[in-house]
Amino acid sequence: MEVLYFAWLRERIGLPRERVETTAPTVMALIEELKAREDRYALAFSDLKSLRVALDQKLSSLDAPLAGVREVAFFPPMTGG
Amino acid sequence: MRLSVQEAAFDAGAELNAFSASVAGAGAVVSFTGLVRDSDGSLQAMEIEHYPGMTQAAIADIAAQAQTRWSLTDVLVIHRYGRLEPGALIMMVATASRHRIAAFEAAAFLMDYLKSRAPFWKKEIGRDGATWVAAKDEDEAALERW
Chain A
531 MEVLYFAWLR
541 ERIGLPRERV
551 ETTAPTVMAL
561 IEELKAREDR
571 YALAFSDLKS
581 LRVALDQKLS
591 SLDAPLAGVR
601 EVAFFPPMTG
611 G
Chain B
2 MRLSVQEAAF
12 DAGAELNAFS
22 ASVAGAGAVV
32 SFTGLVRDSD
42 GSLQAMEIEH
52 YPGMTQAAIA
62 DIAAQAQTRW
72 SLTDVLVIHR
82 YGRLEPGALI
92 MMVATASRHR
102 IAAFEAAAFL
112 MDYLKSRAPF
122 WKKEIGRDGA
132 TWVAAKDEDE
142 AALERW
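In order, the protein sequence lines correspond to chains A and B. Using the numbering used here, the letters of the first sequence map in sequence onto residues 531 to 611. Using the numbering used here, the letters of the second sequence map in sequence onto residues 2 to 147.
Calculated from the structure, these hints are not laboratory results. Just so you know, these numbers come straight off a predicted model, no measurement behind them. Glycine included, every Cβ here is placed at the ideal spot set by N, Cα and C. Among these hints, one or two may not hold up.
Listed below are several chain B residues computed to face chain A (Cβ distance under 7 angstroms; list not exhaustive) [claimed, not checked]:
| # | residue |
| --- | --- |
| 1 | M55 |
| 2 | M112 |
| 3 | S117 |
| 4 | P120 |
| 5 | F121 |
| 6 | V134 |
| 7 | A136 |
Kindly produce the complete structure, drawing on both the sequences and the hints.
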């Protein structure tokens, strides 16, 4: 699946998007996989309260299942307007 | 309904006049314009990042919710991204309805939701470096009144 990062998550991880091969059943399981990769991921995902996720471009939750999802986006709380 | 996510500057006066001229049957138009605020004179620019693909759909969803809740003649949303100078216009919403209450309430609803449910992130570039604008608890709490 495609995994996208925005704002300070993008800066901490150091890339805007990447292709991830995973069998993680939920968003939370995917986060744990990414955190285990490298320190920059562990740092980016260290504060789950400041983390939002969109699945196929719709806001979702960290416990949501990933079955059938093609695009996962991680970002901090939005600051539009 | 015109919903625009754009990098280019816009003329809020011209947009409002065109919107007002197009809303046959309406008796009220309410508009809000958001500017790049420079609180203490140290801001050099604001950079607004967004999520192309999701942004337009999220705004359309918010506007559709407003149209479900209030009887609106029309809705206008313009939101910019990219690098903006202090004082520049970031965004505007306008709502039109037969009577003023619906237009006022729908404009406030649109602003509350655009602030924390549309995928934009603001970064302030100052003399001493750059900082991401943090979402405020009261912005999230503002959604609860709807």
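Outcome of the hint check:
| no. | hint | verdict |
| --- | --- | --- |
| 1 | M55 | holds (4 angstroms) |
| 2 | M112 | holds (6 angstroms) |
| 3 | S117 | holds (5 angstroms) |
| 4 | P120 | holds (6 angstroms) |
| 5 | F121 | holds (4 angstroms) |
| 6 | V134 | holds (5 angstroms) |
| 7 | A136 | holds (3 angstroms) |
When the structure is compared with the earlier hints, no violation turns up for any of them.
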